[in-house]
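Undergrad: Sequence:
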Amino acid sequence: MSNTAQGQILDFVRGRFPQAEIDAAQDIFALGFVNSLFAMELVMFVEKTFEVTIPNDELRIDNFRTADSMAELVDRLARVAA
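Number 69 in full-length UniProt numbering belongs to position 69 of the sequence shown; there are no gaps in the numbering.
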């Protein structure tokens with residue numbers, strides 16, 4: 001898994017919620033930080049930052065719960081594109 005992707009994703013999430021201490025394994029949905037608007041921002045951030053396209057079948061909440069799961073998604077999509 002790419003620590004770079006994980007770090008960039010964590011920085012993005014932490015930047016939006018500076019009052020929270022969020023680590024890579026925490027479920028940001030369970031913490032109550034994610035609404036539908038932020039969920040879309042996350043998708044757009046991941047696509048733009050890592051130059052991947054997230055197919056509809058990957059737009060599942062489990063792929064976006066944690067920085068770890070988002071980094072795994074990025075790595076999976078990057079391998080498919082390569």
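In case anyone wonders, no lab produced these hints; they're calculated from the structure.
Take the hints with a grain of salt, since some may be wrong.
What the hints assert, rightly or not - Label-pair ranges, simulated between beta-carbon atoms:
| no. | residue 1 | residue 2 | range |
| --- | --- | --- | --- |
| 1 | 19 | 80 | 33 to 43 Å |
| 2 | 78 | 11 | 31 to 41 Å |
| 3 | 18 | 82 | 32 to 42 Å |
| 4 | 81 | 18 | 28 to 38 Å |
| 5 | 58 | 37 | 28 to 38 Å |
| 6 | 60 | 31 | 24 to 34 Å |
For every residue, glycine included, the Cβ atom is placed at its ideal position computed from N, Cα and C.
Undergrad: All hints are to be evaluated individually against the structure, with a verdict given for each.
TA: Structure-based check of all given hints:
no.: 1; hint: 19 to 80: 33 to 43 Å; in the structure: 37 Å, holds
no.: 2; hint: 78 to 11: 31 to 41 Å; in the structure: 19 Å, violated
no.: 3; hint: 18 to 82: 32 to 42 Å; in the structure: 35 Å, holds
no.: 4; hint: 81 to 18: 28 to 38 Å; in the structure: 33 Å, holds
no.: 5; hint: 58 to 37: 28 to 38 Å; in the structure: 20 Å, violated
no.: 6; hint: 60 to 31: 24 to 34 Å; in the structure: 18 Å, violated
Going through the hint list in order, the structure does not satisfy hints 2, 5 and 6.
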